[in-house]
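Asks: One line per chain: the protein sequences are R and X, in this order. So that you can map any letter, position 339 of the first sequence is 339 in our numbering, and since no number is skipped, the others follow by simple counting. So that you can map any letter, position 68 of the second sequence is 68 in our numbering, and since no number is skipped, the others follow by simple counting.
A portion of the hints provided could be inaccurate.
Here are the simulated DSS-like pairs of lysine-lysine, each with C-alpha atoms no more than 25 Å apart in a straight line [claimed, not checked]:
1. Lys-454(R) <-> Lys-28(X)
2. Lys-346(R) <-> Lys-6(R)
3. Lys-453(R) <-> Lys-28(X)
4. Lys-454(R) <-> Lys-231(X)
5. Lys-397(R) <-> Lys-377(R)
Source of the hints: derived by calculation from the structure; they are not laboratory data.
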Amino acid sequence: MHESTKDHAALAAEFNKDEQRVNWHDETLWWIRQKRDKNVHQLPEWEALREAASQIKFNVLSNLHDYLLQFEKNATANGVHVHWAADAKEHNEIVHRLLTEHKVDRMVKSKSMLTEECGLNEYLAEHGIEVIDSDLGERIVQLAKEPPSHIVLPCIHKKKEEIGDLFHKYLGTPANVADPQILTEAARQHLRDVFLTRRAALTGVNFAVAETGEFVVCTNEGNADMGAHLADVHIASMGIEKLIPERKHLGVFLRLLTRSATGQPITTYSSHFKKPRKETPIHIILVDNGRSVQLGRKEFRNSLKCIRCGACMNTCPVYRRSGGHSYHTAVAGPIGSILAPNLDMKKYKDLPFASTLCGSCSNVCPVKIDIHDQLYKWRQELVKEGYTPAAKTISMKLMAQTLSSPTLYNAAGKSGRFVLKHMPFLVSNKLNPWYKEREMPEAPKESFREWYKKNN
Amino acid sequence: MKVGLFIPCYVDQFYPNAAIATLQLLEKFGVEVTYPLSQTCCGQPMANSGYEHLTKGCNELFIKNFEPFDYIVAPSGSCVLHVREHLHDPANEEAATVLRHKVYELTSFLTDILQVKELNARFPHRVGMHQSCHGQRGLKLAQMSELVAEPFSKPGSLLKMVKDIDLIDLGRVDECCGFGGTFCVTEEAVSAKMGKDRVADHLHHGAEYITGVDMSCLMHMEGILNRAGSKVKVIHIAEILNAQ
């Protein structure tokens, strides 16, 4: 996981030093948002689908205990081994133990944001186990020794020339080659070798069906299937909120997922795993890691509906102009900003403020999470818990006191003088960050109040 | 019909013409308008910074000032949204609830309550309409580009009644300008970049004026325009609807 002592604003300011790159990043993600718009507008029932998905997930969250037990029972009956992990540490230990039991020290892994959240790769590396990420984007950031910057498009912050340089260094492609077809072919050859030689494969889980005990993994590259089918053991890691009650509900979620994510009607591969083949066991790890705490936070519970499509990132005008790494957490963007404070309020206290509360995220969310309202609520929570600077609290208290009393407000001079002095964005001072790239508004001869008193 | 005029503090100080136009426009439609002189602020700057618990005094004052009116109208989507969503008073919750339902942003008051069908206004200029997020996505003044739903626009329908106005299309119809209250200083780099990009879209499509329902967004974009030495101006929608 990305570690940083800088907050979102500082990291975003660094990202903005290269304006051309910001433009490119913004336009790339906006193009995906437009693809999404074009695709969803072909479905007149789109809003009804979102509402259905939201309600199904409500049902799941309200009955999570029962659905989890139902899933465990059915998966076990199918011959799948079910493990429970209370937190990231337990999850990583279980994976390590399974690999040790199978005498495996090299593993192939398809996309799983949960393992990013748990810091699995680092943990296994410390224990002498090599992990190769098989999702092309994830493989690229892995070669660059960076975390993913986006949950669906992990290397969206990298230009093809930079990828060409990485492949030249690590995969032996000719220097200065940035042709996507050549680079993709090199990645295919490299990963083919990985798939054929790794005896253990780990995948994420997009949906787990309580009714049948099966789980569904969605990829565009087929890399989860390549890994899982060629390995001797398949480990699947899933957050406990990934459940859906019945198989028929996939008809709602699979239609929503990729349209929201990339503007495709469906993922290229939506693979169902139900019963293991003889001699090749399947293990599934059900991970809590703070989810049951979030479930207990009434105002933030809805965030657990998330199906990790990334639409809120693509539409977020702040994310597009600050880059995923500025969020210094595994899941970036608006959804990450309401999930991360639950895991560590102190470390992620800046994230709920990295938003203009424009509300676009809530509108694209396929499961209708009230993301921007939750950002507002996290701000209140963080202040109440004391995670804001004392100076800010003092100035806010002064401001509140003055604004509560017309006498004090008028005693502060003309109302205008108060506004100039106390509205944080209008402080008339060249050290004010407003002034760096924007002129101050000009004060007119008379305020409206003065005009009104004269004319009425 | 008695209307209490609610003028955001920075509009009072920096953009009196927007407030005057709002007042005159409402009077043109026969509304009896009063501006309560002891009003201060809706409390949004505190609340959006995480200090909603400090807005008790503002809330009590707001209720005291505006309780006597049939409606409260403000030339701002953002301040109205704040009152609609967060005006509470445990000691007088009934009054707070009534006020939350009778506070209106100007253009929606004109279209929904006064049901304005024609305007005696003329504005012979190329104008870009900025959809302020709190008005649009919060108060639903116009359809949102993310949703699969019938298009409509309350401010847009009013602008179309203005003679000789030339409304331009934009590349991104409802992208945020990056003001965001205190966000504009705490996240200075991203905020300024968002403002620059929004302004560029209007300039690219040949706007002479950028208008909208919220002066705060317009103030932000004006700061960007003026820094770049542009001749393009910002103007509150009330001034266009009241223009002769």
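Asks: Each hint: holds or not?
Replies: Do the hints match the structure? See the list:
{"no.": "1", "hint": "Lys-454(R) <-> Lys-28(X)", "verdict": "holds (20 Å)"}
{"no.": "2", "hint": "Lys-346(R) <-> Lys-6(R)", "verdict": "holds (13 Å)"}
{"no.": "3", "hint": "Lys-453(R) <-> Lys-28(X)", "verdict": "holds (20 Å)"}
{"no.": "4", "hint": "Lys-454(R) <-> Lys-231(X)", "verdict": "violated (32 Å)"}
{"no.": "5", "hint": "Lys-397(R) <-> Lys-377(R)", "verdict": "holds (19 Å)"}
In summary, the one numbered hint that this structure violates is 4.
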